[in-house]
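These protein sequence lines map, in sequence, to chains B and G. Quick note on numbering: the first sequence equals residues 1 to 112 in the working numbering. Quick note on numbering: the second sequence equals residues 1 to 117 in the working numbering.
Not one of these hints is a red herring.
Here are the simulated EDC-like cross-link-like pairs (lysine to aspartate or glutamate), alpha carbons at most 20 angstroms apart as the crow flies:
no.: 1; chain 1: G; residue 1: Lys41; chain 2: B; residue 2: Glu39
no.: 2; chain 1: G; residue 1: Lys14; chain 2: G; residue 2: Glu87
no.: 3; chain 1: B; residue 1: Lys42; chain 2: G; residue 2: Asp88
no.: 4; chain 1: B; residue 1: Lys56; chain 2: G; residue 2: Glu105
no.: 5; chain 1: B; residue 1: Lys42; chain 2: G; residue 2: Glu105
no.: 6; chain 1: B; residue 1: Lys42; chain 2: G; residue 2: Glu22
no.: 7; chain 1: B; residue 1: Lys104; chain 2: B; residue 2: Glu39
no.: 8; chain 1: B; residue 1: Lys37; chain 2: B; residue 2: Glu15
no.: 9; chain 1: B; residue 1: Lys104; chain 2: B; residue 2: Asp84
no.: 10; chain 1: B; residue 1: Lys68; chain 2: B; residue 2: Asp31
For the record, the hints were derived by calculation from the structure and aren't laboratory data.
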Amino acid sequence: GESVGLHLPTLSVQEGDNSIINCAYSNSASDYFIWYKQESGKGPQFIIDIRSNMDKRQGQRVTVLLNKTVKHLSLQIAATQPGDSAVYFCAENNQAGTALIFGKGTTLSVSS
Amino acid sequence: GAVVSQHPSRVICKSGTSVKIECRSLDFQATTMFWYRQFPKQSLMLMATSNEGSKATYEQGVEKDKFLINHASLTLSTLTVTSAHPEDSSFYICSAREADTGDHEQFFGPGTRLTVL
Chain B
1 GESVGLHLPT
11 LSVQEGDNSI
21 INCAYSNSAS
31 DYFIWYKQES
41 GKGPQFIIDI
51 RSNMDKRQGQ
61 RVTVLLNKTV
71 KHLSLQIAAT
81 QPGDSAVYFC
91 AENNQAGTAL
101 IFGKGTTLSV
111 SS
Chain G
1 GAVVSQHPSR
11 VICKSGTSVK
21 IECRSLDFQA
31 TTMFWYRQFP
41 KQSLMLMATS
51 NEGSKATYEQ
61 GVEKDKFLIN
71 HASLTLSTLT
81 VTSAHPEDSS
91 FYICSAREAD
101 TGDHEQFFGP
111 GTRLTVL
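Assemble the whole structure, with the sequences as input and the hints as a guide.
Here's what the structure looks like:
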């Protein structure tokens, strides 16, 4: 079946450090991947996306890397700030390409 | 940016009653809206995909007679939890995909916290 998972449920970093959050996906036919940030009691917030014809995409302080060979997705956050503390989910297209399948989530804690 | 709202933000009801949750796209038209459920410390689980003017497509294991979805316009979808029970207590989140863009991106609402006593 389809599934998207994350390697680590929690990640703790110091303010100013770079954070790397990883995700493994199982559907080799997926052509679209997204990272979301979810703060407590709120809906997911779009961070960055990437299509399967790319292996890297950069945004403001964030970079997403896609390795289709090993079906691995990562989110890099530069100069992590306390406001980055949240749960981060990766998501991929389902097999029909009609909906998103979410991974389990990584809780990022940033200490000052 | 594209904004999706949900109403109410939280609701407490008695067991056996029905609860309606609204999802609106405020500044764009959405042919497709999605309903997710999220239990504490878990991921979002897709419940159903709602297409404007047609019946919703439910994920396996989601009872369509219990979770009634209506998508009567390009800016509004509703989820009605019928005969709610304590195990239905959860965080319900909707998302919307903009019409005619061919884009996969979904815009999420702020969620509705349902507590069934």
